[in-house]
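Chemist: Make the full structure from the sequences, and use the hints.
Number of protein chains: 2
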Amino acid sequence: MLTRRTPISIAEAQARIAKVPLTTKTELVPVEEANHRILAAPARAAYDYPHFRRSGVDGYAICAADDGAFPKTLTVVGEVAAGDTWGKPLTAGQTVRIMTGAAVPAAATTVIMIEKTRSNPTAGTVEIMAGEKHSNITEVGTDFKQGEVVLEKDQEINPGGIAALIAFGIREVEVYQRPRIAIMATGSELLASDQPIAAGKIYNSNGPMLKRLVEETGGEVDYLGQFPDEPAQLKQVLAEAIASHEIVITDGGVSVGDYDFIGDAARKADQLLFNKVKQRPGSVTTAFVQDDTLVLALSGNPGACFVGYYLYVEPLIRRYQHQQSRIKTVSGILAAPYTKTNGFDRVLRCTYQFSDGQFKIYPNGTDRSGSLANLQTTTCFCVIPHSTSPIQVGAEVVTWLLPFK
Amino acid sequence: MLTRRTPISIAEAQARIAKVPLTTKTELVPVEEANHRILAAPARAAYDYPHFRRSGVDGYAICAADDGAFPKTLTVVGEVAAGDTWGKPLTAGQTVRIMTGAAVPAAATTVIMIEKTRSNPTAGTVEIMAGEKHSNITEVGTDFKQGEVVLEKDQEINPGGIAALIAFGIREVEVYQRPRIAIMATGSELLASDQPIAAGKIYNSNGPMLKRLVEETGGEVDYLGQFPDEPAQLKQVLAEAIASHEIVITDGGVSVGDYDFIGDAARKADQLLFNKVKQRPGSVTTAFVQDDTLVLALSGNPGACFVGYYLYVEPLIRRYQHQQSRIKTVSGILAAPYTKTNGFDRVLRCTYQFSDGQFKIYPNGTDRSGSLANLQTTTCFCVIPHSTSPIQVGAEVVTWLLPFK
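Read top to bottom, the protein sequences are chains S and R. Quick note: the first sequence uses the working numbering, first residue 5, plus one each step. Quick note: the second sequence uses the working numbering, first residue 5, plus one each step.
If you're looking for bench data, these hints aren't it; they were derived computationally from the structure. All values reported here derive from a predicted model rather than from experimental measurement. It is possible that some hints are incorrect.
Since the list gives no way to pick out one identical chain from another, each pair is judged satisfied if it fits inside one copy or across any two copies.
As the list claims (entries may be wrong) - Quick list of in silico lysine-lysine cross-link-like pairs, DSSO-like style, CA-CA up to 27 Å:
{"hint": "1", "residue 1": "K137", "residue 2": "K120"}
{"hint": "2", "residue 1": "K272", "residue 2": "K332"}
{"hint": "3", "residue 1": "K364", "residue 2": "K332"}
{"hint": "4", "residue 1": "K344", "residue 2": "K272"}
{"hint": "5", "residue 1": "K282", "residue 2": "K120"}
{"hint": "6", "residue 1": "K76", "residue 2": "K92"}
{"hint": "7", "residue 1": "K120", "residue 2": "K280"}
{"hint": "8", "residue 1": "K23", "residue 2": "K76"}
{"hint": "9", "residue 1": "K23", "residue 2": "K280"}
{"hint": "10", "residue 1": "K149", "residue 2": "K344"}
{"hint": "11", "residue 1": "K239", "residue 2": "K137"}
{"hint": "12", "residue 1": "K120", "residue 2": "K344"}
{"hint": "13", "residue 1": "K137", "residue 2": "K282"}
{"hint": "14", "residue 1": "K137", "residue 2": "K344"}
Modeler: The structure is reproduced here in structure tokens:
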């Protein structure tokens, strides 16, 4: 069935997705598994840190009564290695040999650096030559008090953050659940990558690409593979995907043609967001909401699929995690010719060089929608506005820098 | 045993590691598992692409004999959907309905867009109203010829690259083996993160941090955990780690103290690279080669461990994969006060803002070697040169921007 579609601008299409309210849930995960997860609540120190009086130097711990009138000789009554504690008394005239990082005896008020001492092992004594300006003791809670915030809410935990969480005794953190995202490609011409190539067939290459893009954006992928153009099966697979995922990405089946499977689902949906965008490639990109699941229907053309992912899916996955899109919008200068004209804005696959304070933008080979070979090396998109005359080299162009490059 | 150590500059320490010859091996991996691996050989198209004559439009395929003198009426002898082929003859006066992306019959020379036709299903005919400037057929090998390079050597494969590899029929790629990297922390005060906290003990937080940093740099981690200061056991663990890894990272045990386990191994090593660097934190950082394995001994202090990883380990792991370090050296402007002076260059944990064409550098809280809480939010290091007078706000500082932030 052919239906009239009303094209909207890229910005309007993005805005319509951005306005859909999302329900984000949180979960507790062990710190060890929390790398790159997003904190849904501040992580608070489980105890004062340090949680024992820690020696900052290698030396001799002494009591307040002995802290003056140097030089003087004290009796060495023992040793505290790192990891050990001193359970016995320490009184005036006595000292304990102590290592950096070890727990200082309760009665000690200063640790004298070893450089200021002379040991007499035979006599079991040490001569303290001079005193210290500072105690050389890090008191309990100097760095952090129990309950103080170690990492703030809405931060993405990184390896340095994991170190802090572990050090401060935090075992589990509350993070946003990753949205469950089903990926399904449609088209009777599609083969799985482990099938032999055959006449008239092509490999489903968008599916595996989308899988990795979604993973890298923080989504939990449910990769469904590819399905032939059989309306009844497609309808069922889509319905099942909608029932158990926050987002469904479909690829292919959006053209106005004989097998307009997505168009049909979109027309009947709870809320049709858009089914035509004033953009090339990917003008047929469609988005709708069904049973609180967002369905993003990308074009089966590789270039259009790639562009559509970054324009519409990446910001949505980030939003599920209370994050901004990591696509950075900058103003670029078109540094090489692009002579085609377009009735719709063209999102051109490019590379960029930043020099002299400018992002210089270079079209990355072909702009054909079906092209694949430049996806690997594309580092940004620039927007060539719709026009009847070609854009000039040196023109200012809206540029989107891609993450993970 | 106390030994005199000769401190060298950071640049000299990095240069000594960079001069150690590395043996890199390659392996074949399935494309599906090759995301972020580095190609050790160009990936070449397995067949011409497209590998069949593909229709670029939805329309009717006609023979050369019929390609002119429009309008004319042709007999529709069948249909080729995407994924199908046409095994029957096609002669003058006949046409086949064909979908975008489908295989064009061998005898056809042009596909007329459906918009230029009028179908008469009852009569089994179609009226072709006008001709085409172009054939609308993508001939075999238009995009790629068999054997042409799809992705170049030494590139890191990304999701877009995976799509290209799959599309061009490439099942396996030759990539560099990831270096096997053992990580061991030493110190009787260290607890594993799943042990209960105890007096005098601290959690081994550097180990889990290093594990994730190494993983993100492309190393294959063998995480050994933490070991008490027992010389015989440490010696054995280190020897075993050296025997089966390209790199061993140790953490702790580098201070000139009673349990100078690394110092001892370094002195006896095949090649001592350095055992003292003119830097704070981490002046005790040590590196040596034993049985062709590089041992990098980082300080147990969290800040020093973090700095040491980026200065000395990250570039080495990248080099095993024929990659440059992803730490970007820029010139920054110190934008907030830092008043301490140092006898050695200080590598200061900072954040940066890029504005007005300048990297503005802000010290990120404390510079204490033992501090942990700022590792999460540190995005760069700047170098405060050794001096007896404090650096001025506005001074130009060598700045290293960290990757994965």
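Chemist: Each of the hints needs a verdict: does it hold here or not?
Modeler: Checked hints:
1. K137 - K120: Cα proximity of K137 and K120: one copy only (12 Å, versus 93 Å across).
2. K272 - K332: Neither: 35 Å inside a copy, 51 Å across copies.
3. K364 - K332: Result: close both inside a copy and across copies, 15 Å intra and 19 Å inter.
4. K344 - K272: neither (37 Å within a copy, 68 Å between copies)
5. K282 - K120: between (77 Å within a copy, 24 Å between copies)
6. K76 - K92: within (23 Å within a copy, 109 Å between copies)
7. K120 - K280: between (79 Å within a copy, 23 Å between copies)
8. K23 - K76: So K23 and K76 fail the 27 Å test inside a copy (75 Å) and across (52 Å) alike.
9. K23 - K280: within (18 Å within a copy, 57 Å between copies)
10. K149 - K344: between (63 Å within a copy, 26 Å between copies)
11. K239 - K137: neither (78 Å within a copy, 39 Å between copies)
12. K120 - K344: Only across copies: K120 and K344 sit 24 Å apart there, 79 Å inside one copy, limit 27 Å.
13. K137 - K282: between (72 Å within a copy, 26 Å between copies)
14. K137 - K344: between (75 Å within a copy, 17 Å between copies)
Violated hints for the displayed structure, listed by number in ascending order: 2, 4, 8 and 11.
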